[in-house]
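> The numbering of the sequence shown is the numbering used here, which starts it at -12 and goes up by one.
In silico DSBU-like cross-links for lysine-lysine, where the CA-CA straight-line distance does not exceed 30 Å:
1) 77 <-> 42
2) 25 <-> 77
3) 190 <-> 128
4) 190 <-> 35
5) 25 <-> 35
6) 35 <-> 52
7) 77 <-> 128
8) 42 <-> 25
9) 35 <-> 61
10) 61 <-> 42
11) 77 <-> 35
12) 77 <-> 52
13) 25 <-> 52
14) 52 <-> 42
15) 128 <-> 42
16) 61 <-> 77
17) 61 <-> 25
Computed Cβ-Cβ distance ranges for the label pairs, DEER-style:
18) 168 <-> 70: 22 to 30 Å
19) 128 <-> 149: 23 to 31 Å
20) 192 <-> 46: 39 to 47 Å
21) -6 <-> 183: 18 to 26 Å
22) 72 <-> 193: 38 to 46 Å
23) 33 <-> 104: 32 to 40 Å
24) 80 <-> 0: 33 to 41 Å
25) 132 <-> 21: 36 to 44 Å
Just so you know, these hints were derived from the structure itself, not from any lab. It should be emphasised that the depicted structure is a prediction, and the values quoted were computed from it without experimental measurement. Note that CB positions come from ideal geometry on N, CA and C, so glycine has one too.
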Amino acid sequence: MALDVESYDQATALVRDLTGVVDVFKVGSQLFTRTGPKIVEFINDAGKRVFLDLKFHDIPNTVAKAVESAAALKVFMLTVHASGGPEMLKAAVGVPSHPVILGVTVLTSIAGNVGADVLRYARLAKECGLNGVIASPHEIKMLRAELGQDFLIVTPGIRPAWVEAGDQKRVMTPAEAVAAGANYIVVGRPILAAQDRRGAAAKIIAEMS
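Given the sequences, and given the hints that come with them, work out the whole structure.
In structure tokens:
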């Protein structure tokens, strides 16, 4: 569940509302910039796991220090841009006891034939020792065929059949993404925009099943 909200109070209310339905909460740039580490600490204290989606992309030493900080916060997963290059990626995975590290390939807001770029970045991520990648559901089957079953694929661009795609260009339903081989799906607006958020989350889980 993507906590793409504006305040600490909104985020903590969502975590409470979705207890028993959602186990992993994504904290992105919007929320982390507003609240800082205390939202991560709240989610951990609630017995849930944090996916820290800050898409680190900087010189190798800076990224390594950022990964160290994330590890100290006990996040479950985090993202780095695969386009940062091999030295940066190797610096990230060189941090002892690092969280699961995922390489961002091509953003799902970008339309067009991006398969070759996604595959190139995913191969680089695997070669450098990352645990997996972020990729749209449309690239899952290709990545599975090229990179095997043990490489994690986390996919945004998930839109249940009962909502609009919005600004995402390369989308699939939850059921389609899981069938294609996604390990985790990221869902935000379909839950956030629902009157019954808990019900919407449960409906998405049922779709996946």
